[in-house]
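Since the structure of chain A is already known, use the hints to place chain B on it.
One letter stands for each residue in the lines below.
There are 2 protein chains.
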Amino acid sequence: MKDPCFLTAAEAGRQIRSGSLTSEALIRSCLDRIAARDPAIKAWLHIDPAQALAQAREVDKRPPSSPVHGLAFGVKDVFDTRDLPTTQNSPLYQGHQPAKDAACVGVVRHSGAVILGKTDTVEFAGGGRKAATRNPYNLAHTPGGTSSGSAAAVADFQVPFAFGTQTSGSHIRPASFNGIYAMKPTWGVVSREGFKQLAAMLDTVGWYGRSAEDLAMVGETFRLPGFSGSKPEAVKGLKIALCRTPRWNKIEPAGEKALKTAAERLEKAGAVIEELQLPETFAGLNDAQDTILQGEAAVAFLPDYLASNDRLHVEFRDKVENKTGITPKAMADAYDLAGASRPAFDRIASKYDAVLTPSAPGEAPEGLGWTGDWVFNVMWTLLHVPCIAIPCTVGSKGLPVGIQIVGPRFGDGRLLRVAAAVAAAIDVEERPRTVQ
Amino acid sequence: MKDPCFLTAAEAGRQIRSGSLTSEALIRSCLDRIAARDPAIKAWLHIDPAQALAQAREVDKRPPSSPVHGLAFGVKDVFDTRDLPTTQNSPLYQGHQPAKDAACVGVVRHSGAVILGKTDTVEFAGGGRKAATRNPYNLAHTPGGTSSGSAAAVADFQVPFAFGTQTSGSHIRPASFNGIYAMKPTWGVVSREGFKQLAAMLDTVGWYGRSAEDLAMVGETFRLPGFSGSKPEAVKGLKIALCRTPRWNKIEPAGEKALKTAAERLEKAGAVIEELQLPETFAGLNDAQDTILQGEAAVAFLPDYLASNDRLHVEFRDKVENKTGITPKAMADAYDLAGASRPAFDRIASKYDAVLTPSAPGEAPEGLGWTGDWVFNVMWTLLHVPCIAIPCTVGSKGLPVGIQIVGPRFGDGRLLRVAAAVAAAIDVEERPRTVQ
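Protein chains in written order, with the working numbering: chain A, 63 to 498; chain B, 63 to 498.
Hints are computed from structural coordinates only; laboratory data are not their basis.
A few of these clues could be false.
Unchecked claim - Quick list of in silico lysine-lysine cross-link-like pairs, BS3-like style, CA-CA up to 27 Å:
| no. | chain 1 | residue 1 | chain 2 | residue 2 |
| --- | --- | --- | --- | --- |
| 1 | B | K312 | B | K459 |
| 2 | A | K391 | B | K293 |
| 3 | B | K322 | B | K312 |
| 4 | B | K64 | A | K391 |
| 5 | B | K293 | B | K459 |
| 6 | A | K385 | B | K413 |
| 7 | A | K391 | B | K413 |
| 8 | A | K413 | B | K322 |
| 9 | A | K192 | A | K413 |
Next comes chain A alone, as it looks inside the complex (with noise of 0.2 Å):
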């Protein structure tokens, strides 16, 4: 019998109902994996494992109330934990207890779900210090970046699930790196109160799952839309966009490898797959979404710079002194760019069971000092549809490599069910061994 550490979300919450496994021993595997890894991996900013085992004992006094029941979740160090630091991994607030959990681990946690620690991030999901997470696959590699240890710690079977976010790339692509399933739900669908704003009209909350059904099993808890009523969707007949997107240029090989093989696996499973050439103004909204990225970060991160201008990492003050001179014209135009841009992608796509795009451009860079390009997941972000990342191929240096299906904003429901047939036609590979 396998370690319960290396079950999915979904085998795990299948046997905690059944009752032939305890949260208390799910979590006791997941402690002893973390304690045999983390030295390798270090994924983990703050774990406290007496509490976590205190938690997982307390739910298995009570019956099963939701999907998450007993199953642990890892969280980005962006996300206030009112039993653990909220690090930011930044300098300013170097261990800063809040009072109260960010609410979407208040959503987990209320419906019964262990939290098992915070994981290393990006610092504020957004620049200066990286986290000194690795690729698990390859220890010389990135993870990604900003979620990196949410994605690791996922695909390492340190934890079932991991709460991420998203302004530009940092969900979605990680998962790529770290061959592992995410969703990037629709913007506004789950509340970020108590992250650590980056950019209000992007941030998006996200969770890392091993599977489809891992991924669904979260979007049920959270009441995503499109729900109710569901039937579990055949891969056979399908109709696929294969968009490449504005950015194609920016593909390298083992991205343009894996989009294939999808599409590819996909027809020969019975889907139809449609080239989808987006209309010429969408080739304007990555340049938006850093536009508002930058404008929106200036007013989240004033505070901090009035607070500790010399903690600050430059990156953040550079923001707050809108270096790249953003004017208030280039960012109403941005917003309005996007406003346009939603309902006509929404339409596209329902043409559509779902967009098939890249998650990134390739394998996992080499090094830690850069976490990947975002090329591909920016525009997402802006349009706010959701997203998920679903494991695909192996690159040329032994890394994992995926890709990610789009849909309409509130077709989360919708593409969860699709997500798990095409899941099933296209990740089909063994997965590369973890590092030794």
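Chain B only, in chain A's frame:
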């Protein structure tokens, strides 16, 4: 000489900078006023006089470094404060002590302002329990809501500045009911972090003062767009659009008189007034705002619902349970109508120096059970545009009535300068005396 509490923030600031007033003396005067008046007005939920005085003494040791140096803020009790409880006027948060200031509190605190205390609010700034606060001009009347205590405290000379919020009409309407000035800036230019989220696309931080100059001091502290290279505006030659809005049928005689009087006084002072008819599609914005509020509040209160369903007020439980039946399509349609209307309004507003429009239907209603109608506010909130409330007339019940001026997004600095000119022309009547 006036007791310092009766000075506008601008007057007190000048005296502090010249050395003729200390922050400590100002705070003492405010605390004395509160001690005398709070039993009747009930604007405050938490005050710690010793702590406020200690802050003032610290501030007095430092040279002024910002426009709000040494001045005092009341803070609506939906914003986290590190040194005072934050209860949301909700049974769920009684005694809750945050570990960190909300972003807006941090910005003014780190700019040398004193946090005087927390003001009463309608529960979660959204519904449920009403504030106990009374209208300082007539205790039998509401001060409006949801920023009830903040508006009444500023009107009653208990504090020069106070923070409020506007998601529907919670900030501008109480300004009119209390004969004070208010600014709701462009959405996104002031961070809402540390505010209990109600609706992500709508929530806006605002502030109250007793002059247009007061409002500009806070605007400058927050580095609002349009401050650099500013020159005062003269009222002569200003081009003002008179906008009755698609809901003019809701106006009451006192509101009609205030708008008419404002236009007449402006015209007399040399401004050009033009009637503005908004495009027909704008008639749908009020309903769109309500749809978004219902849909986003369901997301915001899910953690509280799961944590303590029985203590969460039924108005919020109903939102989480989607009792109004908001559909995903309705949400997307509402977002998209707003997305299309924002640039359309900016184009209209840019032809004028300001748009003149009602702040509220009329005088503050009698009783504390109904805080008045937000019908003249919600469209502007959804459009994300800056709004400035300016006092104008007195209604037949002896209560003050104001108007608001509105500008294009990111026109905050300019609108503040126009507000100073407009105020000089229209805020020319003696305010009724507050109750003795």
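Do the hints match the structure? See the list:
| no. | hint | result |
| --- | --- | --- |
| 1 | B:K312 with B:K459 | 18 Å, holds |
| 2 | A:K391 with B:K293 | 20 Å, holds |
| 3 | B:K322 with B:K312 | 15 Å, holds |
| 4 | B:K64 with A:K391 | 44 Å, violated |
| 5 | B:K293 with B:K459 | 39 Å, violated |
| 6 | A:K385 with B:K413 | 30 Å, violated |
| 7 | A:K391 with B:K413 | 15 Å, holds |
| 8 | A:K413 with B:K322 | 52 Å, violated |
| 9 | A:K192 with A:K413 | 40 Å, violated |
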